[in-house]
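My request is simple: use the sequences and hints to build the entire structure.
The number in the numbering used here is simply the position in the sequence shown, starting from 1, with 1125 added.
If you're looking for bench data, these hints aren't it; they were derived computationally from the structure. Source: prediction; values computed, not measured. In this text, a Cβ means the ideal position worked out from N, Cα and C, and glycines have one as well. Check before you lean on any hint, since a few could be wrong.
Simulated restraints, written as ranges between beta carbons of each label pair [what the hints assert, rightly or not]: (1) G1242 to L1179: 48 to 54 Å; (2) L1141 to E1170: 34 to 40 Å; (3) L1209 to L1182: 41 to 47 Å; (4) F1250 to I1214: 17 to 23 Å; (5) F1153 to K1184: 36 to 42 Å; (6) D1150 to F1250: 49 to 55 Å; (7) Y1248 to A1171: 52 to 58 Å; (8) L1141 to K1184: 37 to 43 Å; (9) I1214 to Q1178: 50 to 56 Å; (10) Q1159 to L1300: 16 to 22 Å.
Straight line, CA to CA, 27 Å or less: simulated DSS-like cross-link-like pairs of lysine-lysine [stated by the list, open to error]: (11) K1196 to K1271; (12) K1184 to K1271; (13) K1148 to K1298; (14) K1264 to K1278; (15) K1196 to K1184; (16) K1184 to K1269; (17) K1264 to K1196; (18) K1184 to K1172; (19) K1172 to K1297.
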Amino acid sequence: AEYGGSILHFHNNPELKNIIFLKPDIVFSNLQDQLGLHFLKKGYEAKQNEIFQLEALIKPYDDMKRSLDGKAERYATRAMYAGLVYITIQFSILARMVWWEFNWDIMEPVTYFVTLGTVMFGYAFFVLTNTDYSYNEMKKRIMKRKLRRLYIKLAFNWPRWNMLNQRILALKKELDLPCLLYTSDAADEED
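The following block contains the structure:
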């Protein structure tokens, strides 16, 4: 089999004439990094212009997405606080019934079943949604659900936003530009 490629050989340099570099692209890349040189790649200006055009197109989508993400985040936070309020009210009612209305002998089975029911509901949520048993996962799930509803209600064009965002990231990667990736955990999955 024939192998093709390029080599780098400095035959006129007395110090390097006995050395052959088999991978000159790596040597060039290392030299470029060490000297702090940055060469423009072929088509740089065209790709840079395309990035500017795409960023102008995606701006209204980004603004709307940030607004919707904020609404979904606030909704999920309120839902988590509502769960805290529910547990607090449940505790208060059971405490009042134990110490003022009835006694422990009557309330013991009631408190057992109310608490067990709450735990069963919580556990069922995590089993049915296939998520970790944590409050962060529960909040993410609530946020994703709300975000999906907001996207549908306000006709947010998720596929278009995603396509524009991915194209911008690909162009920036081609040009070795720093990329600011805007992601939202709530938008990563389309269930």
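Now for the hints, and whether the structure bears them out:
no.	hint	verdict
1	G1242 to L1179: 48 to 54 Å	52 Å, holds
2	L1141 to E1170: 34 to 40 Å	36 Å, holds
3	L1209 to L1182: 41 to 47 Å	42 Å, holds
4	F1250 to I1214: 17 to 23 Å	19 Å, holds
5	F1153 to K1184: 36 to 42 Å	38 Å, holds
6	D1150 to F1250: 49 to 55 Å	54 Å, holds
7	Y1248 to A1171: 52 to 58 Å	56 Å, holds
8	L1141 to K1184: 37 to 43 Å	52 Å, violated
9	I1214 to Q1178: 50 to 56 Å	55 Å, holds
10	Q1159 to L1300: 16 to 22 Å	21 Å, holds
11	K1196 to K1271	9 Å, holds
12	K1184 to K1271	22 Å, holds
13	K1148 to K1298	23 Å, holds
14	K1264 to K1278	21 Å, holds
15	K1196 to K1184	18 Å, holds
16	K1184 to K1269	22 Å, holds
17	K1264 to K1196	13 Å, holds
18	K1184 to K1172	18 Å, holds
19	K1172 to K1297	9 Å, holds
Checked against the numbered hints above, the structure breaks only hint 8 and satisfies the rest.
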